[in-house]
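Chemist: Chains W and X supply the protein sequences, listed in that same order. For the first sequence, position 6 (counting from the first letter as 1) is numbered 6 according to the numbering used here, and the numbering increases by one without interruption. Each number in the numbering used here corresponds to the 1-based position in the second sequence with 1000 added.
Hint data in this document are derived by calculation from the structure and do not stem from the laboratory. Each hint should be verified, as a subset may be incorrect.
[As the list claims (entries may be wrong)] Straight-line distance between alpha carbons at most 20 Å, and here's what the computed SDA-like set of lysine to any residue pairs gives:
| id | chain 1 | residue 1 | chain 2 | residue 2 |
| --- | --- | --- | --- | --- |
| 1 | W | Lys103 | X | Val1045 |
| 2 | X | Lys1020 | W | Gly53 |
| 3 | W | Lys103 | X | Leu1041 |
The chain contents come next:
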Amino acid sequence: MSAADSRVATSSQTVGPFFHFGLADNDALGCMAAPDAPGDHIELRVQVLDGEGAPVPDALIELYQADADGRYAQADADTPGRFTGFGRLPTGPDGQCAFTTIKPGAVRSAAGNQAAHVNVCLLSRGLLRQIYTRIYFDGDPDLASDPLLALVPDDRRDTLLARPAPGEAGVWSFVIRLQGDGETVFFDL
Amino acid sequence: MPDTREVARTQPPLLYPPYKSTVLRAPSRPLIRIPPQFADLAAPVFGHLPIGDLDNDLTRQHAGEPLGERIVVAGRVQDEDGRAVPNTLVELWQCNAAGRYLHAVDDHPAPLDPNFSGAGRTMTDSEGRYRFVTIKPGAYPWRNHPNAWRPAHIHFSLFGTSFQSRLVTQMYFPNDPLFPHDPIFNSIPDEPARRRLISQFDLELTEPEWALGYCFDIVLRGRHSTPFEERA
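Take the sequences, apply the hints, and build the full model.
Modeler: See below:
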C-alpha cells in the first residue's frame, strides 16, 4: 500500500543533528513581535538539559503564542509581520536560545480561560518525534484557575513556569529538563 | 480514523535504546494528554517566511550544477481523512551525493560540493502537491554503534493545518541495503508504516533524458485525531 492509500499519519523520524542549514538559517524567526506590537515586550530564554543535566546544544525550539489580548495571529491579519506569534531557533552550545516577544494575554477557549502561556514544540537529535510543553509565567494570578494546569500533578506544575532572570528587567527564563529530577511536563496533543 | 493502538505502532517511541541518543533525551514520565478543547490551535502563520523562485530546485542554487544523480521528488500531502492539504509549507534538507552535510558539525571525510547546499522549501498547491528537484543523497557513517551507516535519506518538515499536525520525518529510497541495520528507521514498530517512509520510483515523475522521479506521499494528523500512545 502506498502512502496515498493510507489513512494513517506518516511516521515521525528524528530531526537529527544537521538541521540548521535547512530549518534554522533565519535569525528573524527569533523575533515573534515587532517593536511596535502592543504589549509587554520581553526576552524569553529557553534552555534544554538532558537526563544528566548537560546542555542540549542541538535542539530546535518552536514557540507559538497568542498576542497581548489572548488572540492568535490570523493568516488574513491586516498587520502582517507585526505580531507573528511564531518563533523558531536552534539552541546554542549552552543549550539555550532567546526569543524576543511579548507576554501573551490569557486565552479564552472552549475549555475556559487559560492563563497566559506559550506553546512549545521541541525537536532534537535523540528525539524520534517532537515533544510538546507549555511555558507559563511565575506569579501570574491566573495560574490557580488554569484548567490545563489542573490536569498536572501539583508537584510537577512548577516545571512549566518561566521565571524572571535575576537582575535583568524584562527577561524570562524557562528550563526544559528532558529527563530525570525535575523532568518537565510534556503533553500529548 | 485509526485506533490508538495502531497509531502507537506507527509512530516511534521516545525511548529506543538501539538509537543511543534517545537514552538521555527521552522523557521518562508519561505524557499528559491535552483534551482537544485545549489543543484546538490552527497552525502558525508564516507570512515572514518568504519562498524564493528557486527554493524548490536544489540543483540551481549556485553558479554551477551539483555533482551526483539528479532526481525529482514529488508527492501529495493529505490528512487522515484523505483530504488534500493545500498551501502548506514543506521544507527539506539533505546531505550531498557524497554523503556530506553542509554543516560545521559534520566531520565525515567526504567532499563538500560548492554547487550544492541541500536545503529547499515550497508550498503545496491547491491539490496538496509538492515537487522538488535535487540530487540523490549519499549514505554516510555515524557513531551510534560500530560500523554504523545511515541509509540515504532526505529530511522533511511540514506544518499542516494545526499545531498538532506538525511532522518532521525522513524519506528513504527503494531497496536500500542499510535498512535492516538502521535503528532510526527501525524505531517504528509497524512494518507497513516503515515501508511508507520509502519513496517509490515513479516513471510518470521521471523526466526523459534528465532525471529519475521518486514519489513520496505524506499523511498529516488531523485536528482532532488520536494521540501518539494509549495512556493508562
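Chemist: W:Lys103 and X:Val1045: Cα distance at most 20 Å?
Modeler: holds, 18 Å
Chemist: Checking one constraint from the list: CA of X:Lys1020 to CA of W:Gly53, max 20 Å. Satisfied?
Modeler: Holds - the C-alpha atoms of W:Gly53 and X:Lys1020 are around 17 Å apart, at most 20 Å.
Chemist: Keeping to a limit of 20 Å between CA atoms, is the pair of W:Lys103 and X:Leu1041 held or broken?
Modeler: holds, 18 Å
Of the numbered hints given earlier, the model fails none.
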